[in-house]
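> Going by full-length UniProt numbering, the residue at position 62 of the sequence shown is 62; the numbering climbs one at a time, nothing skipped.
Hints should not be assumed to be uniformly reliable.
To be verified - Cross-link-like lysine to any residue pairs, in silico, SDA-like; alpha carbons within 25 Å at most:
(1) Lys-80 to Asp-39
(2) Lys-80 to Glu-21
(3) Lys-36 to Glu-26
(4) Lys-37 to Phe-75
(5) Lys-36 to Leu-20
(6) Lys-36 to Glu-22
(7) Lys-80 to Phe-2
(8) Lys-80 to Gln-32
(9) Lys-80 to Glu-17
(10) Lys-37 to Asp-3
(11) Lys-80 to Arg-25
(12) Lys-36 to Phe-85
(13) Lys-80 to Asn-12
(14) Lys-36 to Glu-17
(15) Lys-37 to Phe-85
(16) Lys-37 to Asn-12
(17) Lys-80 to Ala-29
(18) Lys-37 to Ser-64
(19) Lys-36 to Arg-25
(20) Lys-36 to Glu-90
(21) Lys-80 to Phe-91
(22) Lys-80 to Glu-26
(23) Lys-37 to Gly-89
(24) Lys-37 to Leu-20
(25) Lys-36 to Pro-94
(26) Lys-37 to Ser-95
What the hints assert, rightly or not - Beta-carbon label-pair distances, calculated as ranges:
(27) Asn-16 to Pro-94: 19 to 25 Å
(28) Leu-24 to Phe-48: 18 to 24 Å
(29) Asn-35 to Asn-12: 34 to 40 Å
(30) Asn-16 to Ser-93: 28 to 34 Å
(31) Ser-95 to Pro-19: 30 to 36 Å
(32) Ser-92 to Asn-16: 29 to 35 Å
The hints are simulated quantities; they were obtained by calculation from the structure and are not laboratory data.
Quick caveat: nothing in here was measured; it's all calculated off a predicted structure.
Every residue gets a Cβ at the ideal spot worked out from N, C-alpha and C, and that includes glycine.
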Amino acid sequence: MFDYHFILASQNFLLNEEPLEEVLRERAAYYQRMNKKIDFWLILNPQFIDTSKLNIKKLSVKNSYAAVVSLDRYFIQWLKLRIGFVITGEFSSPSIFLPSS
1 MFDYHFILAS QNFLLNEEPL EEVLRERAAY YQRMNKKIDF WLILNPQFID TSKLNIKKLS
61 VKNSYAAVVS LDRYFIQWLK LRIGFVITGE FSSPSIFLPS S
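Given the sequences, and given the hints that come with them, work out the whole structure.
Rendered as structure tokens:
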């Protein structure tokens, strides 16, 4: 079983108002220098996250979400501090992006 951690926000906020692309590019370059496999993904309109359990009212654009999902809990915590105004959560799955029923 894999434990995934994520931040969730409106697509507009993550893609246009914050330097997320730069942050993820720098993180990928760091992983490459360390010979570490990428363990994070940017997902648009994630269907695998159960939004009924989250305080979605904080997000401004209904059903237009973006998420950064990672196996690294500390990276997601750092992203929340770096970006702010995001919702965090976690789920477990036997495989990538397929949460248990």
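> Range hint 29 to 35 Å: satisfied by the CB atoms of Ser-92 and Asn-16?
At roughly 32 Å between Cβ atoms, Asn-16 and Ser-92 fall inside 29 to 35 Å, so the hint holds.
> Check the hint pairing Lys-36 with Glu-17 against an upper bound of 25 Å on the C-alpha distance.
29 Å, violated
> For a C-alpha distance cap of 25 Å, please report whether Lys-80 and Asn-12 respect it.
16 Å, holds
> For the pair supplied as a hint, Lys-36 and Arg-25, is the alpha-carbon distance within the 25 Å limit?
At roughly 14 Å apart (the allowed maximum being 25 Å), Arg-25 and Lys-36 satisfy the hint.
> Does the alpha-carbon distance linking Lys-37 and Asp-3 stay inside the 25 Å limit?
Roughly 16 Å separates the two Cα atoms, so the pair holds.
> Keeping to a limit of 25 Å between CA atoms, is the pair of Lys-36 and Phe-85 held or broken?
With Cα atoms ~29 Å apart, Lys-36 and Phe-85 exceed 25 Å; violated.
> Within 25 Å, alpha carbon to alpha carbon, are Lys-80 and Glu-17?
Distance ~15 Å between Lys-80 and Glu-17 Cα, so the pair holds.
> Given the proposed pairing of Lys-80 with Phe-91, does the C-alpha separation stay at or below 25 Å?
The given pair, whose Cα atoms are some 17 Å apart, holds under the 25 Å limit.
> Between Asn-16 and Ser-93, does the C-beta distance stay in 28 to 34 Å?
Roughly 29 Å apart at Cβ, these two residues keep to the hinted range, so it holds.
> Starting from the range 18 to 24 Å, see whether the pair Leu-24 and Phe-48 falls in it by beta-carbon distance.
19 Å, holds
> Take the C-alpha atoms of Lys-37 and Leu-20, compute the straight-line distance between them, and say whether it is at most 25 Å.
Holds - the C-alpha atoms of Leu-20 and Lys-37 are around 19 Å apart, at most 25 Å.
> Checking one constraint from the list: CA of Lys-80 to CA of Phe-2, max 25 Å. Satisfied?
Distance ~21 Å between Lys-80 and Phe-2 Cα, so the pair holds.
Comparing the model with each numbered hint stated earlier shows that hints 12, 14, 15, 16, 18 and 27 do not hold.
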